[in-house]
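Given only the sequences and the hints, what does the whole structure look like? Please build it.
So the sequence lines, in the order shown, correspond to chains C and D.
Residues 1 to 198 in the working numbering are what the first sequence spells out, letter by letter.
Residues 1001 to 1222 in the working numbering are what the second sequence spells out, letter by letter.
Keep in mind that the hints are not guaranteed to be accurate.
Listed below are several chain C residues computed to face chain D (Cβ distance under 10 Å; list not exhaustive) [unchecked claim]: (1) E18; (2) L21; (3) C108; (4) S128.
Hints were generated in silico from the structure; no laboratory data involved.
In this text the structure is predicted, and so the values were computed from the model without any measurement.
Where a beta carbon is used, it is the ideal one built from N, C-alpha and C, also for glycine.
The residues making up each chain are set out below.
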Amino acid sequence: MNEERGNYRPLAYFQAMEASLRELLVEKGILTDAEVEAAVEDMRARGPERGARVVARAWTDPAFRTRLLADGTRACEELGLDMPALRLVVVENTPAVHNAIVCTLCSCYPRMLLGLPPDWYKSRAYRSRMVREPRAVLAEFGLVLPESVEIRVHDSTADMRYMVLPMRPAGTEGWSEERLASLVTRDALIGVAVPKAV
Amino acid sequence: MRDEDRQAVAALLRRGHHDIGGLAAGPVEKSEHDYAEWERRVDALMVLLSGVRGGRRLMTVDELRRNIEALPPEAYDRMGYYERWVTAIAQTLIQRGVIRADELARRMAEKEGWTRDARDPPQLAGGEPPPQFSPGDRVRVRVAFPLGHVRTPYYVRGATGVIERCCGSFGNPEELAHGRPGEPRQPLYRVRFRQKDLWPDYRGAGDDTLEVEIYQHWLEPA
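Put into structure tokens, the structure is as follows:
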């Protein structure tokens, strides 16, 4: 797992910190390389397609949608998704309300469901501006919504994590869950985009 | 302090540097990058150390957050996301006593390619070490940059001086700073340096000196 070991060269400061920290923890018997590697692979396996699957199910199964909105964590687990320590709140877009997610204080994100966040989500610009001028930020993502739609921003300040349940696009009647899921992007799950039937 | 300065300083304390919601900023650059393996391992360390996997509870997410928020503002702004994380994880584990700042600094020195100090025997494990130096001994201050609280000024690291006196043994401030007993206690010395050995551009007389208190674990025979 350690690509630095085979071909010795001085490591950059933060990489040296990571490698040193990990080695010390392994030497002290606190964790093992295998556990670290397993946790890396677990996280690599998490991605937005897991959220897309949840959304597609909610679009096709009203009872599941109700359960998802009531308890996001339990509903996802019902689909066999492993989400350790994640308290998920799913917020639903409607013709009257569009939801979007941010974390101004750090960069909280439903990583245990969707994997690691994109860089822009963690950027100063997104974190600063999304709470104050969400319409301008959404426009930068190409999403312009009428004034009649309430934009509801969710700042992830503490223990809950958020995912948007977008509206099912028109023209997708009769589509399979799999096909529906293919419309749901990561950005739609954050709320900076909406799914479109192309 | 002038009133406006005092107001500006108070503002820094009222609003954390990380607490940026609503502040002006430029356009959102829709940047993405594929995470490097070392970044993924930092993420994995946090998953494991916070008990999400494996049942350990060696740190909390809020300790991670607090230590990120405690970064110097300029460093916070310029560091990458997982650079902040790995630093904050290291700080937390040092604060908790899971690892010592000293051993992390030694290991990092080895990896960064300057191995001399990494080879030094650790003096912080086991019981109180006996005084290793006597007045008149030539000593070199270790070149190390541990995270956390240290009382060895940056400007003497790597410099060679002479033991002026042994002051007795004292609790290690690097441990005391985190509420631990400071053991093993360390012999403390006053070390005399020639000014021209500390400052290449020193303008005074060649015999001018400076004396500094330094704990034994920062010294090696010169």
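Legend entry - Interface hint compliance - S128 of chain C to chain D, C-beta minimum distance less than 10 Å: 4 Å, holds
Inset, instruction - For the hint on E18 of chain C, just tell me whether its beta-carbon gets within less than 10 Å of chain D. - result: 5 Å, holds
Legend entry - chain D contact restraint for C108 of chain C - C-beta distance below 10 Å: 9 Å, holds
Inset, instruction - Would you check whether L21 of chain C satisfies its interface hint, that is, whether its CB is within less than 10 Å of any CB in chain D? - result: Holds - the Cβ of L21 of chain C comes within 10 Å of chain D, reaching about 6 Å at its closest.
The structure agrees with every numbered hint stated previously.
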